[in-house]
Amino acid sequence: MANKRRDPPLVLLPSSGSGSASFTWSSFLVAFCSAIVAGIAVQRLDGILGWGVAGVVALLGGAATAAGGSGRSAGVARARQVLASLEGGEAMPALERDPGDWGALYRRMNELSEQQRTSASAIAELERVRRQVETAATLLREGKDPLTEAPELRVGPLRELLEASRERPATAVVSRLPLGEEDLIGLTGDRLSETWPSAQTEPAQAAPVQSWPAQAGAAQGDPRFRADVLHGIDELILGLDALAESMASQSAGTGPDGSNGGPRTPAQLVDAVVHTAADGIEDLAAGLMRASELASVAERLTNRATLLALNAALEATRSGSEAFAAIAEETRRLAEFAREATDTISRLASEIEYKVGETITAIHATSEDAKSAVAALSGGITAPIAPPRDRRAVDSLRRRARSLRAELTAAAGVGSHPAEDSTAGDSGDAGDAADEPAPMELAPRFDAGPSSGLSHDLAPNPSSATRHDEPPQDYMHLLDRLKPGKGTPS
Amino acid sequence: MRSDPATNARTRGLLAFRVGGFAFGARVEDVAGLLEARPSPIPRQRAPLAGVLAFRGAMVPAFDLIEFLELDPPASSARYAMVLTRGADSFGVLVPTMPRLIYAKELREADLSVADPELGALIETVYESGGESIHCLNYWSVIDSILPDAASEARAGVGRH
Chain A
1 MANKRRDPPL
11 VLLPSSGSGS
21 ASFTWSSFLV
31 AFCSAIVAGI
41 AVQRLDGILG
51 WGVAGVVALL
61 GGAATAAGGS
71 GRSAGVARAR
81 QVLASLEGGE
91 AMPALERDPG
101 DWGALYRRMN
111 ELSEQQRTSA
121 SAIAELERVR
131 RQVETAATLL
141 REGKDPLTEA
151 PELRVGPLRE
161 LLEASRERPA
171 TAVVSRLPLG
181 EEDLIGLTGD
191 RLSETWPSAQ
201 TEPAQAAPVQ
211 SWPAQAGAAQ
221 GDPRFRADVL
231 HGIDELILGL
241 DALAESMASQ
251 SAGTGPDGSN
261 GGPRTPAQLV
271 DAVVHTAADG
281 IEDLAAGLMR
291 ASELASVAER
301 LTNRATLLAL
311 NAALEATRSG
321 SEAFAAIAEE
331 TRRLAEFARE
341 ATDTISRLAS
351 EIEYKVGETI
361 TAIHATSEDA
371 KSAVAALSGG
381 ITAPIAPPRD
391 RRAVDSLRRR
401 ARSLRAELTA
411 AAGVGSHPAE
421 DSTAGDSGDA
431 GDAADEPAPM
441 ELAPRFDAGP
451 SSGLSHDLAP
461 NPSSATRHDE
471 PPQDYMHLLD
481 RLKPGKGTPS
Chain B
491 MRSDPATNAR
501 TRGLLAFRVG
511 GFAFGARVED
521 VAGLLEARPS
531 PIPRQRAPLA
541 GVLAFRGAMV
551 PAFDLIEFLE
561 LDPPASSARY
571 AMVLTRGADS
581 FGVLVPTMPR
591 LIYAKELREA
601 DLSVADPELG
611 ALIETVYESG
621 GESIHCLNYW
631 SVIDSILPDA
641 ASEARAGVGR
651 H
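These protein sequences, in sequence, are chains A and B. Mapping the first sequence onto our numbering, position 174 (from 1) lands on 174, and the numbers just tick up by one. Mapping the second sequence onto our numbering, position 10 (from 1) lands on 500, and the numbers just tick up by one.
Do not rely on the hints blindly, as some may be mistaken.
[What the hints assert, rightly or not] If you anchor each label on the Cβ, the simulated ranges turn out as follows:
{"id": "1", "chain 1": "B", "residue 1": "Arg-576", "chain 2": "A", "residue 2": "Arg-333", "range": "48 to 58 Å"}
{"id": "2", "chain 1": "A", "residue 1": "Glu-322", "chain 2": "B", "residue 2": "Gly-621", "range": "28 to 38 Å"}
{"id": "3", "chain 1": "B", "residue 1": "Arg-598", "chain 2": "A", "residue 2": "Glu-322", "range": "16 to 26 Å"}
[To be verified] A few chain B positions that, by computed beta-carbon distances, are all more than 10 Å from chain A:
{"id": "4", "residue": "Ala-513"}
{"id": "5", "residue": "Gly-523"}
{"id": "6", "residue": "Ser-603"}
Bear in mind the hints are in silico, worked out from the structure with no lab data behind them. In this text the structure is predicted, and so the values were computed from the model without any measurement. Glycine included, each C-beta is placed from N, C-alpha and C at the ideal position.
Start from the sequences, fold in the hints, and give me the full structure.
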């Protein structure tokens, strides 16, 4: 970009010396006054005296006018000296150190001259680079190596880029450029240049140097290639759909299968654990209350057994029968045993109930402490796992993939839906099943590294080895077919 | 051979219980049975009458000994009924605790002078067991005082009219 430094306005201030517009008016005024005084002297003074006074006044006026004219002539001469110095490139140290207006004028004129020379040099450099770019583009369209055909490109700013492209032709050039692919090629590829030297590093294809349009035409006629591309795009769309659905489920707090297994904050997890424990212990307390009721029933039974034993002993005592007394004694022992057991059950139930109550109280207190601690550690942040920025990026990729597929389908006239076309290799466009190509490698790449790019994502190569050996014309083919009015397959 | 303990204490045993700091008892010969007290109230019932009890297919009146002696009621609401019988007459005595059986060999009949003077003429016999005085009340006179004889009641009613 050009330097838009604003230059200070060049103003010639009125000088105290000669050479200014005010000096011209003063000279004119002196001459005018001299003429009036001379006329008055001739009219009032008769004879030689009048004419003598008029002559003296005229001489004074002429001298004054001459003095003004000589000053202006000196200013003009100095200006001419400054211009000559600027045009000839000669420095004028004395004038440069002059603190007056002429010194300021000289320094400002020097600055403007320097800026003009810098701008002219930059324009010349840009023009040279533009010519190199045009040369390189022309050679690339002709299928030639720009570095070999144009020696001036070996020293220019394009040398590194051209060498890297010639050494690694399989890597997409666009991925190494600082611009995004959308800036380079547009959404439909309408900004893409047309050609690339495909045969420079391909010995098997070196004999017929095939230009890009020729390769594009050959690829467009291949139904397997078209089916591969569609198949790859469909898998990419399905993967993006699954990823977007997963992110949406995470943000909604549910798992990918719709269950309520989504991510929760640590505070929520602590709260859930504590609530689960408290619920379990409260159930236990309810069970203990029922056990206490049963213990009460057992106590009543024990009382009745004791009463029965006492009645038996009473009857045995009254009757004096030893057999009855023995039975009464056994009944009493049984009643005592039942009472001891009932007392033990009641005591244990009371102790457990008391301890459960203490535990419930402690759990509730611990829950509050844990929630406070977690809130203090996390700063109260309840962030979802997938940030909205990532979801928007995935949605953008989905839209772009669908748009690409739609345009490709419209151009090729095959396929209708990603799910239907996920087995595009089996369709009629794919040709014979025996010739069906191997499944593509379509791992989505979201990084912006040097090896990433659409050429890798969409390349229908079955193996990475052959993919790296091939030029990036498969991506070029695809984009060329997306150009409006160009590359429509038969 | 087993000796007859009644010849020593004039009883084969004693059903003892405690009410209001006093130890009371009833001879086993007078006791027909023990049961949990759930008396049913009767019309025109007055304290210390507690109602009637079902005992072995018969309905017997019952009175509350605590109310009769005007003692403080215990904390527990459980009550037991000791049914006393003499001939064809039976009645129940409500006691707050389950009585315990003390055999005659553990009893020794004491003089009435050791009895608590507050109980006065209500005491029929005093026994000692384990250094404790057990007072056997004259429950028949008590029930007679609570439930006047029906014939005398009828006569009194006729005389008033």
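Structure-based check of all given hints:
Separated by about 32 Å at the C-beta atoms, Arg-576(B) and Arg-333(A) break the suggested range of 48 to 58 Å. For the pair Glu-322(A) and Gly-621(B), the beta carbons lie near 30 Å from each other, so the given range of 28 to 38 Å is met. Separated by about 24 Å at the C-beta atoms, Arg-598(B) and Glu-322(A) satisfy the suggested range of 16 to 26 Å. A cut-off of 10 Å between C-beta atoms confirms that Ala-513(B) is not in contact with chain A; the least separation is 17 Å.
A Cβ of chain A approaches the Cβ of Gly-523(B) within 10 Å, the least distance being about 5 Å, so the stated non-interface status is violated. Separation of Ser-603(B) from chain A is adequate, the least Cβ-Cβ distance of about 28 Å exceeding the 10 Å criterion.
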